[in-house]
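Engineer: The chain contents come next:
Number of protein chains: 2
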Amino acid sequence: MAEGLRERKKQRTRQALFDAAMRLFAEQGYERTTVAEIAAAAEVSTKTLFNYFASKDEMVFALREQRMNLVADTIDERGPDDGPVDVLARIAERLLADALVGYGEAGLAFTAVPVRLAMTVPELQAKALLLMFDAQREWVRALTKAFPDELDPLTAAAAVGSLMGTLQMTALASFERGDSSAEIVAHLRSVVGIAMNGIRQLERS
Amino acid sequence: MAEGLRERKKQRTRQALFDAAMRLFAEQGYERTTVAEIAAAAEVSTKTLFNYFASKDEMVFALREQRMNLVADTIDERGPDDGPVDVLARIAERLLADALVGYGEAGLAFTAVPVRLAMTVPELQAKALLLMFDAQREWVRALTKAFPDELDPLTAAAAVGSLMGTLQMTALASFERGDSSAEIVAHLRSVVGIAMNGIRQLERS
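So the sequence lines, in the order shown, correspond to chains A and B. For the first sequence, the UniProt record's numbering puts the final residue at 205, and the numbers step up evenly by one. For the second sequence, the UniProt record's numbering puts the final residue at 205, and the numbers step up evenly by one.
No lab work stands behind these hints: they were computed from the structure. Hints should not be assumed to be uniformly reliable.
[To be verified] Here are the simulated DMTMM-like pairs of lysine to aspartate or glutamate, each with C-alpha atoms no more than 20 angstroms apart in a straight line:
1) B/9 - B/19
2) B/47 - B/37
3) B/56 - B/82
4) A/56 - A/123
5) A/145 - A/82
6) A/145 - A/58
7) B/127 - A/134
8) A/127 - B/134
9) A/145 - B/176
10) B/127 - A/123
11) B/145 - B/73
12) A/127 - B/123
13) A/9 - A/43
14) A/56 - A/76
15) A/127 - A/65
16) A/127 - A/57
17) A/127 - A/31
18) A/127 - B/57
19) B/127 - A/57
20) B/145 - A/76
21) B/145 - B/82
22) A/127 - A/58
23) B/145 - B/81
24) A/145 - A/86
Let's have the full structure, built from the sequences with the hints guiding it.
Structural biologist: If you want it as structure tokens, here you go:
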């Protein structure tokens, strides 16, 4: 098999496993879903599943790298006239747009599944919070490096913390009252706008 | 021994243990300090220490209850003309003032030790983040209950998340560049003011 073909086949299997996991987690809950069921639903062996994901919780956090790259790319692709607040607003916008895009055939209904699980399943919460904390540190570093003259590390930290803290708690409140994925994203859109107003004042200070 | 006297003696021992732990953690690091050393520094046996604190990490989080009560009291003691933003601003102010008050004889130099450890020692981070997350949920609930007509759960979540996210990341950035406790609190004071400006717009939306 040619290298490119093999790579595409691997990508498809990975996506099928991810989609099956998200569907089963959404339908019957995270705890009650076994890796054997996920493998069966994706029509592969459990052994094959473990070639792609070391554990069930790794599937929940599978989109993290993609999201980290999205933020890094947004910072890298800034224009000459963009200030830190413009870039931060674009990061928020893209993270939310990304949350709305269907992953494979799972579609809209399942897009918020990983975030929902990470915030509401006790055994996933600690890891999710640590990953989110590390992500924010990374974004503070990247923003400070991209805007050495406009942004000191403390202001960058305050801005990132404010934005992500707002998103995190609003998403949780929205999950907890049973909102749909589309409703959650709509709420997040509206609070981001407001958080960004606060951050704009940070920049002027 | 009379009940009140016994209670005061217990309080003093607990405080002595806490102070000794904070001093040793600050001087030689969290990982390198043993419970036996803490007990010796407080002039009690290790067995006595375990009557007060089940583990070393419990000492780091010993002030949590006090801080939760401080927030609950601030909400309960609101005046008839206070809106949610006034109460939130007062919560932030009291949390920072609380961080500046010396605990027992440890004084200013050690006050930020528990927060610093919780944010920078890997084995404490996950627990610290979970406790902080739970605290925020609790504050969102309490604020929503206190202001049923002015505040919906999503707006309360956005406000609390924004404020605490700002404080958390700014404190971390300030710790990481080696600021003193007084400097850290000064930085936090200044970013709180800005976060509150953003939150004020949330209320009007």
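Engineer: Next step is simple, just say for each hint if it's right about the structure.
Structural biologist: Hints and how they fare:
no., hint, result
1, B/9 - B/19, "holds, 15 angstroms"
2, B/47 - B/37, "holds, 12 angstroms"
3, B/56 - B/82, "violated, 40 angstroms"
4, A/56 - A/123, "holds, 11 angstroms"
5, A/145 - A/82, "holds, 14 angstroms"
6, A/145 - A/58, "violated, 30 angstroms"
7, B/127 - A/134, "holds, 15 angstroms"
8, A/127 - B/134, "holds, 15 angstroms"
9, A/145 - B/176, "holds, 16 angstroms"
10, B/127 - A/123, "holds, 12 angstroms"
11, B/145 - B/73, "holds, 14 angstroms"
12, A/127 - B/123, "holds, 12 angstroms"
13, A/9 - A/43, "holds, 14 angstroms"
14, A/56 - A/76, "violated, 33 angstroms"
15, A/127 - A/65, "holds, 15 angstroms"
16, A/127 - A/57, "holds, 9 angstroms"
17, A/127 - A/31, "holds, 16 angstroms"
18, A/127 - B/57, "holds, 18 angstroms"
19, B/127 - A/57, "holds, 18 angstroms"
20, B/145 - A/76, "violated, 44 angstroms"
21, B/145 - B/82, "holds, 14 angstroms"
22, A/127 - A/58, "holds, 10 angstroms"
23, B/145 - B/81, "holds, 16 angstroms"
24, A/145 - A/86, "holds, 16 angstroms"
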